[in-house]
Amino acid sequence: MRPPFDRPSHITAIDGEVVMDGPDGVGHSYTPEAARETGRRLIEAASEAEAQDTAHTEP
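Throughout the sequence shown, residue numbering follows my numbering, covering 1 to 59 in sequence.
Hints are supplied without guarantee of correctness; some may be wrong.
Stated by the list, open to error - Have a look at the derived ranges for each label pair, beta carbon to beta carbon:
#1 31 x 10: 29 to 39 Å
#2 49 x 16: 16 to 26 Å
#3 53 x 16: 34 to 44 Å
#4 14 x 52: 29 to 39 Å
#5 46 x 2: 16 to 26 Å
#6 51 x 3: 33 to 43 Å
#7 15 x 53: 36 to 46 Å
#8 46 x 24: 35 to 45 Å
#9 15 x 52: 13 to 23 Å
#10 54 x 15: 39 to 49 Å
#11 46 x 25: 16 to 26 Å
#12 54 x 13: 27 to 37 Å
Treat the hints as calculated values from the structure; they're not laboratory data. By construction, the Cβ of each residue, glycine as well, lies at the ideal position given by its N, Cα and C atoms.
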């Protein structure tokens with residue numbers, strides 16, 4: 001398994017679409033609605049991942 005990316009993706013709005021350019025050439029184009037929901041899901045998953053990481057590092 002490859003390590004997770006440690007830098008955020010670059011996000012722009014172009015011609016009514018939300019375009020994400022990530023590391024290693026990863027790129028996606030979203031409708032505004034899909035981008036908004038993806039953002040919400042990313043925030044939720046990031047909170048869960050932080051909680052998991054904390055649970056593994058506490059004595």
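Confirm or reject the claim that residue 15 and residue 53 have a C-beta distance inside 36 to 46 Å.
-> With a Cβ separation near 38 Å, residue 15 and residue 53 satisfy 36 to 46 Å, so the hint holds.
Does 16 to 26 Å hold as the CB distance between residue 46 and residue 25, or does it fail?
-> 23 Å, holds
Please test the hint of 33 to 43 Å on the beta carbon pair from residue 51 and residue 3.
-> Violated: the Cβ-Cβ distance is about 20 Å, outside 33 to 43 Å.
CB-CB spacing for residue 2 and residue 46 relative to the 16 to 26 Å hint | Holds, since residue 46 and residue 2 (Cβ atoms, about 19 Å apart) stay within the stated range.
When you take the CB atoms of residue 14 and residue 52, is the distance between them in 29 to 39 Å?
-> With Cβ atoms ~35 Å apart, the hint holds.
For residue 54 and residue 15, compare the CB-CB distance with the range 39 to 49 Å and indicate the outcome.
-> 41 Å, holds
Look at the Cβ atoms of residue 46 and residue 24 and judge whether their distance stays inside 35 to 45 Å.
-> Check failed, 20 Å falls outside 35 to 45 Å.
Taking 34 to 44 Å as the hint, is the beta-carbon distance of residue 53 and residue 16 inside that range?
-> 37 Å, holds
Should the hint that residue 31 and residue 10 are 29 to 39 Å apart at their CB atoms be regarded as holding?
-> Violated, at about 19 Å.
Cβ-Cβ distance between residue 54 and residue 13: within 27 to 37 Å?
-> About 34 Å separates the Cβ atoms of residue 54 and residue 13, which means 27 to 37 Å holds.
For residue 49 and residue 16, compare the CB-CB distance with the range 16 to 26 Å and indicate the outcome.
-> At roughly 31 Å between Cβ atoms, residue 16 and residue 49 fall outside 16 to 26 Å, so the hint is violated.
Could you tell me whether the CB distance from residue 15 to residue 52 stays inside 13 to 23 Å?
-> Hint violated: Cβ distance 38 Å, outside 13 to 23 Å.
Going down the numbered hints, you'll see the structure goes against 1, 2, 6, 8, 9, while the others check out.
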